[in-house]
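K.L.:
Dock chains L and Y against chain R, hints included.
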Amino acid sequence: MTAHPRAGLATLLLVAAVSAGVARAESDATIEGIEKYREALRDGNPAELFEAQGEELWKKPAGPKSVSLETCDLGMGPGVVAGAYAHLPRYFADTDKVQDAESRILTCMATLQGVDVKKYVDARWTSPEKDELVALATYVSGQSKGVKVAASATHPKERAMFDLGKRMFYFQGGPHDFSCATCHGQEGARIRLQDLPNIPTQKGAAAGWTSWPAYRVSSGQMWSMQWRLADCFRQQRFPEPIYGSDVTVALSMFMAATANGATMDTPGIKR
Amino acid sequence: MGNPMKIRATAKDGVTEVKVLMSHEMETGFRKDSSGNPIPAWFIAEVTAKLDGKDVMKAQWGPSISKNPYLSFKIKGGAAGGKVAITWVDSKGDSRTDQATIA
Amino acid sequence: MTTNLRIAALSALLFAAPLPAFAAESAWGPGADDAAFEAMLKSGFREKGIVKLDRLKQDATQAFCSDPIKSNAKDAAKARAEIEAANLAAVKWPSDGKFLGDFKAGEKIAQSGRGLTSTDKADQVNGGNCYNCHQIDKAEISYGTIGPSLVGYGKLKGTSEEALKTTWARIWNSKSSNACSNMPRAGHMGILGEQQVKDLMALLLDPNSPVNK
Chain R
0 MTAHPRAGLA
10 TLLLVAAVSA
20 GVARAESDAT
30 IEGIEKYREA
40 LRDGNPAELF
50 EAQGEELWKK
60 PAGPKSVSLE
70 TCDLGMGPGV
80 VAGAYAHLPR
90 YFADTDKVQD
100 AESRILTCMA
110 TLQGVDVKKY
120 VDARWTSPEK
130 DELVALATYV
140 SGQSKGVKVA
150 ASATHPKERA
160 MFDLGKRMFY
170 FQGGPHDFSC
180 ATCHGQEGAR
190 IRLQDLPNIP
200 TQKGAAAGWT
210 SWPAYRVSSG
220 QMWSMQWRLA
230 DCFRQQRFPE
240 PIYGSDVTVA
250 LSMFMAATAN
260 GATMDTPGIK
270 R
Chain L
0 MGNPMKIRAT
10 AKDGVTEVKV
20 LMSHEMETGF
30 RKDSSGNPIP
40 AWFIAEVTAK
50 LDGKDVMKAQ
60 WGPSISKNPY
70 LSFKIKGGAA
80 GGKVAITWVD
90 SKGDSRTDQA
100 TIA
Chain Y
0 MTTNLRIAAL
10 SALLFAAPLP
20 AFAAESAWGP
30 GADDAAFEAM
40 LKSGFREKGI
50 VKLDRLKQDA
60 TQAFCSDPIK
70 SNAKDAAKAR
80 AEIEAANLAA
90 VKWPSDGKFL
100 GDFKAGEKIA
110 QSGRGLTSTD
120 KADQVNGGNC
130 YNCHQIDKAE
140 ISYGTIGPSL
150 VGYGKLKGTS
160 EEALKTTWAR
170 IWNSKSSNAC
180 SNMPRAGHMG
190 ILGEQQVKDL
200 MALLLDPNSP
210 VNK
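Chains as they are written, first to last, in numbering that gives the first Met the number 0: chain R, 0 to 270; chain L, 0 to 102; chain Y, 0 to 212.
Just chain R, with the same shape it has in the complex (with noise of 0.2 Å):
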């Protein structure tokens, strides 16, 4: 029989420590030991349980229209869920906007459901409004595993988000002079013992876009791309960005067109 203990992740994080600091050569025996460990918690990956409520929300009839998700149409046709995340995000005519998978899913609440989505956007995280939020694009983004990203950035206003996702990527503020480049623009880089992907690279987007939502185990929490976002922003001592925006949206072209070719696997397990 094989749980989850607590003191066992403790041992792990203190073994991963203690040979970090003993030699740098030591130090692929260590990502060895934390990929095993990695591997083991896909296994039991508890994202699973956040899919499966995802889906049943997807699936229910809610909001004053009572009307289920199901014929949401994000971007493949209505209907259509099945490796629609890996395609964005993209242009829609509807909304003449560039939307991700979770300003996506807004839309189709307040169009097909009627739902006042302002009190979702507002809401904090860990609220029972973003939980369904996070839940869905769980769902959402587990209908794309295994499928190659190909965000297309072809319309004239993908490939402006584009543009603006990577100006945003390298601007500068606040009282650090931190930008998401500070941390995630250099190769091999880590802060304190967190590997940094270098995401203007293919092979750094594709880490981060790939694997995002995630489950994190430290916390116990689901995190989707806009909460990691938003907590990228936080650290950064920026001010908050609000979910769905086309800030974060733009950061997100700017990723996924930057992975486009990689595989997703999401939901992910993050420690």
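Heads up, none of these hints are tricks.
Straight-line Cα separation of at most 27 Å, DSSO-like style, residue types lysine-lysine; simulated pairs:
| # | chain 1 | residue 1 | chain 2 | residue 2 |
| --- | --- | --- | --- | --- |
| 1 | Y | Lys-51 | R | Lys-129 |
| 2 | R | Lys-35 | L | Lys-5 |
| 3 | R | Lys-59 | L | Lys-5 |
| 4 | L | Lys-31 | R | Lys-269 |
| 5 | R | Lys-35 | L | Lys-73 |
| 6 | Y | Lys-51 | R | Lys-118 |
| 7 | R | Lys-156 | Y | Lys-69 |
| 8 | Y | Lys-120 | R | Lys-118 |
| 9 | Y | Lys-41 | R | Lys-117 |
| 10 | L | Lys-31 | R | Lys-129 |
| 11 | Y | Lys-47 | R | Lys-117 |
| 12 | R | Lys-129 | Y | Lys-41 |
Since the hints were derived computationally from the structure, they do not count as laboratory data.
P.N.:
Below, chains L and Y without anything else, positioned relative to chain R:
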């Protein structure tokens, strides 16, 4: 009542491997909320597995098990089409049972 | 096939240049579509806790460094020197002329990454975030690698007037010697106070500090 579990069970050469994901907060009782008040302990205390209606495992758990726990174990016996049922009872007396068909 | 290989090799050579997502790069940096970018910033963020929207207003250094292609260009040497000179001129030196504080207090400041986020409080004591990017005391094995290792820093530099001043300027305002350093300007931006900077100075330079043992 709790949220549904995810149960997978596969039989091979007379052994059934069961993998269960349970949705539970698993509060240790040692944490404090943002205003400094202790959050009361709340965890799964007992887990029972049944194979085709017969008890095959009972486990006593405590607050050291993680949130949303994952449990895997093997049972001697069981065949495709059989039923594995898992029940948990938590420290508040709440319980939940889910069942899966062996593949 | 060969062309692809050549392009791949070329991208590998141009270390700073990101692998292009498209066949042709379009203009994207500052100056490209400023109106759209400003609109995006304006509609994209909201105040939270102690963090107000003025955090998005850049000073000259931040604006310059937000354009990596221009700021790293060869012909930008003069512009970089100007940024460094302006930041150096803004350095506040210790009011009592003493550069070194308490290295034990310095270690605590180096360990802490707290302060100035939307979930921090206004009266919170800010940390220096040092270990997030630097190895400092060898006993701390959880350190980042964005910045260079500072193990043995004081042994290397000594405590001459020049060493004291150089190090102070780097901590107080990192951009005084490297226009687009990744390191925050701890004193200049009010992240750390004078006494805290003195304590960090001691952590790096005091012969009794574990950094120099």
